[in-house]
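Residue numbers (this note's numbering), protein chains in the order written: chain A, 1 to 111; chain B, 1 to 114.
Certain hints may be false.
Straight-line C-alpha distance at most 27 Å; calculated DSSO-like pairs for lysine-lysine [to be verified]:
| # | chain 1 | residue 1 | chain 2 | residue 2 |
| --- | --- | --- | --- | --- |
| 1 | B | Lys26 | A | Lys42 |
| 2 | A | Lys45 | B | Lys26 |
| 3 | B | Lys13 | A | Lys2 |
| 4 | A | Lys2 | A | Lys45 |
| 5 | A | Lys79 | A | Lys45 |
| 6 | A | Lys42 | A | Lys79 |
| 7 | A | Lys42 | A | Lys2 |
Think of the hints as simulated: they come from the structure by calculation, not from any bench.
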Amino acid sequence: RKEVEQDPGPFNVPEGATVAFNCTYSNSASQSFFWYRQDCRKEPKLLMSVYSSGNEDGRFTAQLNRASQYISLLIRDSKLSDSATYLCVVSRDNYGQNFVFGPGTRLSVLP
Amino acid sequence: DAGVTQSPTHLIKTRGQQVTLRCSPKSGHDTVSWYQQALGQGPQFIFQYYEEEERQRGNFPDRFSGHQFPNYSSELNVNALLLGDSALYLCASSLARGGVETQYFGPGTRLLVL
Numbered sequence: 001r002k003e004v005e006q007d008p009g010p011f012n013v014p015e016g017a018t019v020a021f022n023c024t025y026s027n028s029a030s031q032s033f034f035w036y037r038q039d040c041r042k043e044p045k046l047l048m049s050v051y052s053s054g055n056e057d058g059r060f061t062a063q064l065n066r067a068s069q070y071i072s073l074l075i076r077d078s079k080l081s082d083s084a085t086y087l088c089v090v091s092r093d094n095y096g097q098n099f100v101f102g103p104g105t106r107l108s109v110l111p
Numbered sequence: 001d002a003g004v005t006q007s008p009t010h011l012i013k014t015r016g017q018q019v020t021l022r023c024s025p026k027s028g029h030d031t032v033s034w035y036q037q038a039l040g041q042g043p044q045f046i047f048q049y050y051e052e053e054e055r056q057r058g059n060f061p062d063r064f065s066g067h068q069f070p071n072y073s074s075e076l077n078v079n080a081l082l083l084g085d086s087a088l089y090l091c092a093s094s095l096a097r098g099g100v101e102t103q104y105f106g107p108g109t110r111l112l113v114l
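Between the sequences and the hints, there should be enough to build the whole structure, so can you do that?
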């Protein structure tokens with residue numbers, strides 16, 4: 001089993017739709033969690049950190065369930081510009097070292 | 001404020017050759033991590049450099065080595081290239097502050113091994 005697993009995708013949704021991505025991790029000692037976004041043939045860019053209390057940034061909401069070792073990302077009112085691959089990232093320690101990336105979930109928002 | 005830069009952008013090598021990739025961290029950052037991203041997969045951690053020393057290492061063979069310079073820039077060296085080393089090599093920089101270190105990625109170097 002991979003250390004970080006994500007919905008395989010791809011997700012094809014119309015503009016304005018709400019879409020949710022799921023991620024599970026196997027290492028219970030994991031300390032820090034992030035969502036990164038990667039556009040085609042570009043580098044990953046930090047979308048948001050994920051906190052135990054859950055956090056929201058505009059149309060994006062991230063949730064963490066440590067007991068179930070599960071992370072989610074919700075995108076509301078999808079825009080064409082949201083089309084990208086979303087990478088779930090888990091850090092094995094509190095210092096953000098040794099990031100473990102999931103394989104990514106590809107999202108296409110259609111007009 | 002310059003972000004993370006990497007060179008070269010693209011590289012073509014043949015099996016058995018050696019390659020050196022370079023990374024300059026974001027201004028103010030002191031830690032550099034290297035990742036390998038194969039097509040259709042997430043980045044895989046190779047190693048991380050801090051204070052000119054390898055701080056952590058992922059599951060990569062000794063053919064992969066690195067270096068960090070006093071100005072925090074870094075090099076990734078790969079010896080005896082294999083076809084399977086063809087990938088996007090990403091450098092990420094961060095600032096070690098004793099807490100969670102957000103990593104910022106460079107544009108990557110695309111390596112093709114023939």
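We went through each hint and held it up to the structure:
In summary, the hint linking Lys26/B to Lys42/A is supported, as the alpha carbons are separated by about 17 Å, within the 27 Å threshold. Note on Lys45/A and Lys26/B: the hinted pairing holds, with a Cα-Cα distance of about 14 Å set against a maximum of 27 Å. Note on Lys13/B and Lys2/A: the hinted pairing is violated, with a Cα-Cα distance of about 31 Å set against a maximum of 27 Å. The suggested pairing of Lys2/A with Lys45/A holds, with an alpha-carbon distance near 22 Å, which does not exceed 27 Å.
For the given pair, Lys79/A sits about 18 Å from Lys45/A by alpha-carbon distance, which is consistent with the 27 Å threshold. With a C-alpha separation of about 19 Å, the suggested pair Lys42/A and Lys79/A falls inside the 27 Å cut-off, and the hint holds. This hinted pair checks out: Lys42/A and Lys2/A have alpha carbons roughly 24 Å apart, not beyond 27 Å.
In summary, the structure is inconsistent with hint 3 from the numbered list given earlier, while agreeing with all the others.
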